[in-house]
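Enquirer: All chains should be modelled from the sequences, with the hints used to inform the complete structure.
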Amino acid sequence: MKEEIIISGRMNHLVDPQLNIWHWQIPLYLFVGGLAAGILFFTALSVVSKKENEYTASVKYAPFAVPFLLIIGLSALFIDLNHKLYFWRLYTEIRIQSPMSWGAWVLMLVTPISFIWCALNIKTIFPKWNWKYKILFDTEKFFLKYKMALAWIMLISSVILGIYTGILFSAFNARPLWNTSILGPLFLASGMSGGAAVIIFLAKSHAERRYFTKIDLWVIGIELFLITHMFMGFLASSQVQIDAAALFLGGEYTAPFWIFVVLLGMVIPAFLDILELRGYRVPALIPMILVLTGSIAFRFIIAYAGQASRYLY
Amino acid sequence: MRYAMAIDTKKCVGCSDCVVACQTENNVPIGYCRDWIVESTDGTYPQLELELRSERCNHCKNSPCVRCCPTGASHYEQGGIVMVDHEECIGCGACIASCPYDARYPHPDGYVDKCTFCQHRLLSGLKPACVSVCPTKCLYFGDLDDPNSDVSKILKKRKWKRLIPEAGTDPQLYFLI
Chain A
1 MKEEIIISGR MNHLVDPQLN IWHWQIPLYL FVGGLAAGIL FFTALSVVSK KENEYTASVK
61 YAPFAVPFLL IIGLSALFID LNHKLYFWRL YTEIRIQSPM SWGAWVLMLV TPISFIWCAL
121 NIKTIFPKWN WKYKILFDTE KFFLKYKMAL AWIMLISSVI LGIYTGILFS AFNARPLWNT
181 SILGPLFLAS GMSGGAAVII FLAKSHAERR YFTKIDLWVI GIELFLITHM FMGFLASSQV
241 QIDAAALFLG GEYTAPFWIF VVLLGMVIPA FLDILELRGY RVPALIPMIL VLTGSIAFRF
301 IIAYAGQASR YLY
Chain B
1 MRYAMAIDTK KCVGCSDCVV ACQTENNVPI GYCRDWIVES TDGTYPQLEL ELRSERCNHC
61 KNSPCVRCCP TGASHYEQGG IVMVDHEECI GCGACIASCP YDARYPHPDG YVDKCTFCQH
121 RLLSGLKPAC VSVCPTKCLY FGDLDDPNSD VSKILKKRKW KRLIPEAGTD PQLYFLI
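These protein sequences, in sequence, are chains A and B. So the first sequence is numbered by the numbering used here: it starts at 1 and just counts up by one. So the second sequence is numbered by the numbering used here: it starts at 1 and just counts up by one.
Everything labelled a hint here was simulated from the structure, so no lab data went into it. Worth double-checking, as some hints may not be accurate.
[What the hints assert, rightly or not] Pair ranges (Cβ atoms, derived): (1) B:Lys159 - A:Glu3: 16 to 26 angstroms; (2) A:Thr254 - B:Gln47: 28 to 38 angstroms; (3) A:Thr92 - B:Ser132: 33 to 43 angstroms; (4) B:Tyr76 - A:Pro112: 32 to 42 angstroms.
[As the list claims (entries may be wrong)] Here are a few chain B residues that sit away from chain A, every Cβ distance over 10 angstroms (derived from the structure): (5) Lys11; (6) Ala21; (7) Thr24; (8) Ile81; (9) Lys127; (10) Lys137; (11) Asn148.
Think of the CB as a built atom: it goes at the ideal place given N, C-alpha and C, for glycine as much as any other residue.
Expert: Okay, structure coming up:
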């Protein structure tokens with residue numbers, strides 16, 4: 001039998017024996033970033049499709065979670081940096097080929113927009129809210145005038161943010177598991193499923209709940225389709241990608257991936273969505289918890305399994 | 001100008017002198033290394049072949065680490081040397097994850113560190129520390145654009161291979177076989 005034994009004298013901390021440079025911070029950041037993108041996308045979608053008064057949970061309640069999510073994500077990203085005092089260097093350049101640069105700049109756009117959107121809807125939560133100063137009233141008036149334009153910017157920037165959460169990984173060809181362009185749309189779909197689940201939980205009207213349940217079902221279908229294609233792509237590719245796929249097809253990540261991500265995070269919520277659409281009353285908290293658990297597990301598993309996959313030479 | 005290094009796998013004895021010279025020359029923190037020795041044994045018993053390689057950053061022409069760096073800290077310098085500007089590096093780890101050779105590491109001071117081909121020595125007309133100490137003279141360094149450089153001459157004479165060419169990074173370490 002032909003054998004190859006490689007013994008390396010290198011033992012750099014966090015690099016050997018297996019890459020371990022990204023810990024909980026990056027998958028958490030990608031999870032909350034994706035969820036924020038999903039919520040903002042549906043907020044914008046309801047506004048541009050002129051359903052603002054019909055779908056109040058998506059337009060007026062769910063977006064209040066976004067600034068908190070983004071603050072958590074950006075804090076996690078900051079904690080992850082090893083050279084923290086230099087973090088501002090992210091904003092001294094725009095580097096088109098660097099996904100992390102894209103992410104930093106998209107967050108620079110999305111974060112203030114999410115704050116502005118919450119400010120425009122603050123009276124939904126606090127009916128007696130008073131801006132007190134004229135400049136704040138004028139600013140509110142200005143943004144209300146251009147609300148539709150803001151919604152379109154939100155729609156596009158949320159898609160970029162959602163896709164970016166996957167592209168951050170897929171741009172690394174050194175890690176065969178990450179090196180698939182399907183991760184971008186897959187993480188976008190996962191974030192959207194989370195966003196839809198949060199809106200379904202917050203929805204008071206039956207029409208809104210039904211509308212977003214249908215959307216969630218479609219998005220979960222797309223996720224399962226993309227996952228199937230991701231594995232088909234891996235198995236038809238080079239040996240390193242076949243080995244990467246093996247991590248989920250009998251390897252050490254098989255059980256967590258298929259149980260937490262696919263079964264609990266997609267298949268069961270899809271089944272509950274079908275029950276809901278058929279008229280059964282399913283407590284919205286259950287699919288939301290399942291979808292969000294699956295979504296966060298997905299980021300963690302891909303982050304760790306990706307670092308375990310590599311070229312051998 | 002295009003700097004490159006050739007490593008003679010037939011002459012290397014795996015003594016790690018290059019590793020120690022680099023650590024001393026560049027004040028590499030204890031427990032880390034910018035270059036290292038790999039022993040690769042392959043074949044079918046009893047027909048086994050042992051290959052010894054002194055490895056380091058490949059100073060690739062199409063470096064994924066330069067491409068993915070969000071601040072521009074990882075950059076090319078004269079002769080194609082891939083360098084990290086410590087004052088611009090935020091320590092995000094993207095370049096470490098992007099390197100198929102795992103040639104970078106997080107320095108305890110926060111920035112990312114790696115082989116520089118001893119650029120400070122090159123500027124003084126010296127060779128990289130690892131090349132100058134190698135007791136078997138198995139490391140060849142020089143400018144590929146100069147046909148009379150040590151590396152150009154040896155690459156013309158000998159068969160060579162590069163590591164993971166399929167990663168598409170166009171590495172500039174040549175292993176003589």
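Enquirer: I'd like to know which numbered hints this structure contradicts. Please list them from smallest to largest.
Expert: none
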